[in-house]
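J.: Read off the chains here:
There are 2 protein chains.
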Amino acid sequence: MSKKLNIGLFGFGVVGQGLYDIIKTKHLNLEIIKFVIKDATKERSLPQHLFSTDKNSILQNPEINTVVELINDSDAAFEIVSAAIKAGKNVVSANKKMIAQHLAELIDLLHQYGTSLLYEGAVCGSIPIIRNLEEYYDNELLYSISGIFNGSSNYILSKGFNDGLDYASALKQAQDLGFAETDPTMDVDGFDAKFKLVIAAYHAYGIVVKPEEVFNLGIANLAVQDIQYAKEKDLKIKLVPFAKKLNDKQVCMYVLPRFINRNELLYNVDYEYNGVIVQAAFADQQFFYGKGAGGHPTGSAVLSDITALRYDYHYEYKKAAETDHLQFTNDVELTVYLRYNQEELVDALQFEHVAERFYSESFKFITGKIKLINLIAQEHRISADKAFIAVTNPVSPR
Amino acid sequence: MSKKLNIGLFGFGVVGQGLYDIIKTKHLNLEIIKFVIKDATKERSLPQHLFSTDKNSILQNPEINTVVELINDSDAAFEIVSAAIKAGKNVVSANKKMIAQHLAELIDLLHQYGTSLLYEGAVCGSIPIIRNLEEYYDNELLYSISGIFNGSSNYILSKGFNDGLDYASALKQAQDLGFAETDPTMDVDGFDAKFKLVIAAYHAYGIVVKPEEVFNLGIANLAVQDIQYAKEKDLKIKLVPFAKKLNDKQVCMYVLPRFINRNELLYNVDYEYNGVIVQAAFADQQFFYGKGAGGHPTGSAVLSDITALRYDYHYEYKKAAETDHLQFTNDVELTVYLRYNQEELVDALQFEHVAERFYSESFKFITGKIKLINLIAQEHRISADKAFIAVTNPVSPR
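Residue numbers (this note's numbering), protein chains in the order written: chain A, 25 to 422; chain B, 25 to 422.
One or more hints might be untrue.
What the hints assert, rightly or not - Here are the simulated lysine to any residue pairs, SDA-like style, with alpha carbons at most 20 Å apart:
| id | chain 1 | residue 1 | chain 2 | residue 2 |
| --- | --- | --- | --- | --- |
| 1 | B | K50 | A | L270 |
| 2 | B | K28 | A | D272 |
| 3 | A | K48 | B | D162 |
| 4 | B | K50 | A | H349 |
| 5 | A | K342 | B | L52 |
| 6 | B | K410 | B | I400 |
| 7 | B | K28 | A | D162 |
| 8 | A | K268 | A | P235 |
| 9 | B | K273 | A | K28 |
| 10 | A | K28 | B | E340 |
| 11 | B | K50 | A | T416 |
| 12 | A | K342 | B | S26 |
| 13 | A | K273 | B | K50 |
What the hints contain is simulated information worked out from the structure, not anything from laboratory work. As the structure is a prediction and not an experimental result, all values here were calculated from the model.
Work out the full structure, taking the sequences as your base and the hints as a guide.
T.: What follows is the structure, given as structure tokens:
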């Protein structure tokens, strides 16, 4: 029935080790026959002859029919993955940055070489969101996709809201626990969530959007005043990637902090957990929850992809095939809370409508309606001001 | 690429109509060419020649390659589905009772005739739990599956807890809104949830368990005292089907009311919504949430099955193929709350350990550890006493 997989694995870090842990407990008709790693001197738990630093020991090995790519460097990952596809090997990757940045090229390569590339582990760890968008919501009209896609930033926010830690202490703790990188930019500024959103949106709407077109603003400027403001209103702040079909022609997408009330599904998605909300025309609101990162949860997603390759499973990208010329747009209005320092910032952002203003010695905020393109245009000023923005209404009614 | 489906549809009720609504908005390479209904005299929104009361107008029609069965009568449904399989047609059904009761026979037929039977719509409406168990958790060691599988009983409980309605008024309202049948036994006594549990357990553990072997006790005896008791402890009561792998040899399953605290995922699954928690070794805790019933949510699940048949998708029942001789058992201990009237019931149930007892003129309860087999043996006595039982700890540690 199933095809025997001989696997070449790039990278033997947390996820690679997690994957290996899972595989060795199973009888799955698959075998990792070569590991390519960066550091040849590092002590390994497996026999030395299985390891190599030469990528061609996998890519040019005719015995290997399946490549699993679990390295951090997205440029090197793209080289490896595209070479593997060209060599006719099926590929599993968990590299969201690489996939989001090279989506169009990768899909072209897959069509050209007829191989399969699966990447469930790249989007929200253990949550099978890509598979479900691809297989189960393939005929559904999807209104929107949103959620909590980044465990590190969510851990920091949860520590702030549930345990009273300030941003810097929470970040430090996340780093100590291995939930956040030494350079946390990708996580806390929303890049990581954006890459995942771009990938999910392709499966949901069939549109390829370059990550640099999508606005992301993170939680690095979160201050105690913001947390206090939210708590007084019984709200939490979450970093929420959001994609919405506005009409028959347009999809908007962005990553921004958002206020979440107690009745919303995302309210209880805390710490390293992720949650994905799919709003569909017929299935209505659907919610998926699980661990967003870590060796075993992500390893389990990677393994699901690997074992699907035993049956030559491949994404069909049905939405892309059926797409009715959807365009990506940033031409939307949001209702936001802005905590700021300099009045110049407020002027520059050109609020369409102001709902509230508050001034005190230590804390100034304004809430109201604003054009997303103005946020994009003033991104550097927002950053320079150390201002914090959170969405109160994701897309204004038209 | 995909195969054109000519569909014969049995039943044109809420789900059938929902399915039809969805299909007509799409270009899906499929067509419903015949509807078989019970009542020929009923006014229909479609041309009369599409309807028939003769099942053979579908079953013996060589043009029809796909049968969709959406009728209520489970005996008639089994006749139709088994005849369709024998006629070499692929089948989609949403009939949980029929599938749970005839699981072994159906699987034998599928093997024998090489056709496909899909039934995502039978288990938790819009939530793709069967597909995920089948496709995504196929290599996962699953510790347990639990959740809220029945929208009618959950609606009644939510009305009690959130809106202060007593059981009878909440049931009446659910019936008026079409969430509960005139005879609500299947829903409120946990049979419906049990059928779904039996089906899910087959995909999760590969074991066929007859519904009558699985204990179910529902919420029909819920009293205001029970709600008050729970509320004082900031708990809700939910009707929770539960399957757990106890060890390498045994799986236990039952459906019982359970106390749920504010931090549990099921706490906010209210009204007609369903939720499924999968506890897995590597993916860890996973949660799926969505509408459990209704024409459009269930119609959307049925449509996902139908469109998968365009690619000849069929369940592989991998867990059943790999099963290491798992056995079903009722030999477990639970910790429960029992609100009762007659002391004889407490004596008969033979608590292993008593944690608390409370007496007042209007309200007597006992909490403690009890053998599931004693609950099963005393089921009639529990019913006669109008006692209410809710689990506080689903399986005692061993």
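J.: All hints, please: hold or fail.
T.: Verification of the hints:
1. In summary, the hint linking K50 of chain B to L270 of chain A is supported, as the alpha carbons are separated by about 19 Å, within the 20 Å threshold.
2. This hinted pair does not check out: K28 of chain B and D272 of chain A have alpha carbons roughly 27 Å apart, beyond 20 Å.
3. As the CA atoms of K48 of chain A and D162 of chain B are separated by approximately 16 Å, the hinted pair is consistent with the 20 Å bound.
4. The suggested pairing of K50 of chain B with H349 of chain A holds, with an alpha-carbon distance near 16 Å, which does not exceed 20 Å.
5. About 11 Å separates the Cα atoms of K342 of chain A and L52 of chain B, which keeps this hinted pair within 20 Å; it holds.
6. Only pairs whose Cα atoms come within 20 Å are accepted, and K410 of chain B paired with I400 of chain B is accepted, the gap being roughly 15 Å.
7. At most 20 Å may separate the alpha-carbon atoms for a hinted pair to count; K28 of chain B and D162 of chain A meet this at roughly 17 Å.
8. For a cut-off of 20 Å, the pair hint linking K268 of chain A to P235 of chain A stands: about 16 Å separates their Cα positions.
9. As the CA atoms of K273 of chain B and K28 of chain A are separated by approximately 29 Å, the hinted pair breaks the 20 Å bound.
10. Taken as a hint, the K28 of chain A and E340 of chain B pair is honoured in the structure, with Cα atoms around 17 Å apart against an allowance of 20 Å.
11. Restraint check: the Cα-Cα separation between K50 of chain B and T416 of chain A comes to about 34 Å, which exceeds 20 Å; the hinted pair is violated.
12. Annotation: proposed proximity of K342 of chain A to S26 of chain B holds, straight-line Cα distance about 11 Å (limit 20 Å).
13. A threshold of 20 Å between alpha carbons decides the hint, and for K273 of chain A with K50 of chain B the separation of about 17 Å falls inside it, so the pair holds.
Hints 2, 9, 11 from the list above are not met by this structure, while the remaining hints are.
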